[in-house]
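Q: This is what each chain is made of:
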Amino acid sequence: MDVVLALLAGVLAAASVWLMLDRSLVRFLFGLALLGNAANLVIFASGRLTEGAPALIAKGAAAPEGDVSNALPQALILTAIVISFGLFAFALSLVHRAHKDLGTTDSETLTIAEGSDRT
Amino acid sequence: MSAAWLLFLPIALPFAGAVLAFIAGRAGDRRAPQWVNVGTTALMTLVSLLLLSAVWRDGPQAIQMGGWAAPFGITLVADILGAVMVVITALSGLAVAVYAMADIDEGRAKLGWHALYLVLLAGVTGAFLTGDLFNLYVWFEVMLIASFCLLVLGGDKAQLDGGLRYVALNLVATVMFLMAIGLLYGLTGTLNMADLHVTLKTVDAPGLVTTIAVLFLGAFGIKSAVFPLFFWLPASYHVPPVAVSAIFAALLTKVGVYALIRLFTLVFTADVDYTHGILLVIAGATMVTGVLGAAAQNQVRKILSFHIISQIGYMVMGLALYTPLALLGAVFYLVHHIIVKANLFLVGGVAKRITGSFELDRIGGLYKAKPWLAVLFLIPALSLAGIPPLSGFWAKLVLIEASLEVEAWVIAGVALVVGLLTVFSMSKIWLEAFWKPHPDGDAAVGAVALTRGETVALVAPIVLLASITVIIGLAPQPFLDLAARSAQELLAPEAYVRVVLGGLP
Amino acid sequence: MSTLILRTMGRLLAAVLILFSLYMLLRGHNDPGGGFIGGLICALGIVIGSLGEGSRRARRALRIAPRLIAAAGLAVALIAGFSAALAGKPFLTGLWMTVGGSHVGTPILFDVGVYLVVIGATLALLLALEEDAGRVNAGEVEEEE
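If you read the protein sequences in the order shown, they are chains X, S and D.
Each residue of the first sequence is one higher than the one before, counting from 1 in the numbering used here.
Each residue of the second sequence is one higher than the one before, counting from 1 in the numbering used here.
Each residue of the third sequence is one higher than the one before, counting from 1 in the numbering used here.
Excised from the complex, chain X in its bound form (with noise of 0.2 Å):
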């Protein structure tokens, strides 16, 4: 399984280079979301697969009874999803604005800052 997952995560990582290549910012911020899905996966992965029960401490208990997963790496994770995902929202409503303001989301014909001077 944890032969499965690293090369997921690698099959991932790879496919977001080539979308990060590309000239159109849509693109790359698709090759970014799937970049934080790939190293959301080698965090899963190093916390080491195992079966077990959610690591949950029944009612009256001192100690989970029982193999339990490893909790760390799924806390981890959800707190990467959360901020990956505020992220990649504030960076589509970016792309949005340059696409509505600058009328392009070609990362060559963006030049604007450039020769800028706010003047």
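Calculated from the structure, these hints are not laboratory results.
Just so it is clear, the structure is predicted and the values come from calculations on it, not from any experiment.
Please note that a few of the clues may not be correct.
[As the list claims (entries may be wrong)] Sample of chain X residues facing chain S (criterion: CB under 10 Å; computed from the structure):
{"id": "1", "residue": "13"}
{"id": "2", "residue": "36"}
{"id": "3", "residue": "40"}
{"id": "4", "residue": "91"}
{"id": "5", "residue": "102"}
All residues carry an ideal CB built from backbone N, CA and C; glycine is no exception.
Dock chains S and D against chain X, hints included.
A: Chains S and D in isolation, oriented as in the chain X frame:
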């Protein structure tokens, strides 16, 4: 106040201030958020100074958030380096907050500029004080999202374009950081930095550890704009309002440098020859490309942006040499650089307000019109270039001495030459903006009159920062002592580790 | 987009989702759930409602600007954290007391803060995007110099 208060107040205060500023802005009075901002940063300065004195007196301080013991909970920890960085953050934050009173227009203020600014400061101090790698990631994100918003807020087209570049590259760095965290966790099972210091010694996978180290190097390299990952910086720092440029220039890349210093003294010290060797090459290349880039520019803020890059090279050089003296130099340089760089951007902003442009060929005559501004420009400019007796001189002196000490002739030579080239670009700004007459005649200078209140708000922070530069220059010994203590702590982090893992406050 | 089906179902779903989000918020301490997921579900409910009814009505129904909700949430979370510090414990430590037979503490306050922050931030982004996409000429969010 107890250490617990001192450690979390620098983070909690700006958050509370942000809420207050936002609500005050909604309530109607447009001046209220500004004053909340200034008040909060002033309080932060006070608290952080208390924190520094506590750390100086009693050694590193740590608290466990929510009472969960390390390495399971999140630790807040301050050693000298962390405390010094928080002090400087608060100080430069205060200076820029005052400047922003006259720089940030009502439209931006209404959209919550001041609240976002405080959230940015909270993210930066959080990054300086956390003892946990994943928590560091979270603070980076807090800082990042606030900086994104500040960069594009108000949204003219150049801001949007520059913002896109900044956002794109920083998001890539973020994902790299996350990936490295995942791998490190898989290897060691912990993300508490003090615990990593202990655990990594028992891990027998030198190749893998070095790979992870280099992944972190890439992530923080983008954040701190080192060669060859710096190109987002000059593409974006010149587009937002001056107050935003100044605080970005002062703090954001330095958080990256801080993270590099922290990780490559506390965690990744197994293969110093290799990792710090890479760092040294990067440092030299960063210095040279930065200063050459600056020489090619003709716009005040772009020149200054490229100089951020070349100065980052000096700090990384201090880390790369990895001797007590070199680390002392790096810490001293960090402090000096934040103050000087924020100040130069602020002076540039005032010059633009008076002459009407950032383009060097469209301005001039400042010396004749405002000789006091010329003095205020010269102090940070000469300090940046390393002219005695200003703060930059000592910073460069220590670093070059450190490189001679280990017989790293090449990097010492590079540092010297880059210093000279810095003088060249500062004198370019001097000649073009201050000395030569204004192309539109003398009447064009000061065409837009500033009100008294505006002048005070614009100039007071510059005077404050310039006087700190002069004080460090004339009486460097206490600051050198401080940096020496922190270098000592960085190279022998036992006290840091003990205070985090021992659970004793 | 605004068809009869979406309008009718949107209103219904919004009500159900908002109620469900409160349930998720309250069960969060000992079971899966909590402020974050509750906040997302609530925001989702409001957005689904707004897809049918239009974002203007959604904003009016909220009564408070989303960003203000987020700020209020941050304030609540900070208060929850500070209260532990005032009691002399590390920041964010849970303080517990028994009110009318049930166990109540600051973590629920913190969760409510998170709930509000998530609702506020998500709605601020999504409603703005929705309006941006819906209007050809958006002049409200942008304030040019």
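Q: Confirm or reject each hint.
A: Do the hints match the structure? See the list:
A cut of 10 Å between beta carbons decides the hint on residue 13 of chain X: the least distance to chain S is about 8 Å, and the hint holds. For the restraint placing residue 36 of chain X at the interface with chain S, the shortest Cβ-Cβ distance is roughly 5 Å, inside the 10 Å limit, so the hint holds. Here the hint on residue 40 of chain X is kept, as its CB sits about 8 Å from the closest CB of chain S, short of 10 Å. With a cut of 10 Å, the hint placing residue 91 of chain X at the interface with chain S holds, because the nearest CB-to-CB distance is about 5 Å.
Because the smallest distance between the Cβ of residue 102 of chain X and any Cβ of chain S comes to about 6 Å, under 10 Å, the interface hint for this residue holds.
Every hint from the earlier list agrees with this structure, and none is contradicted.
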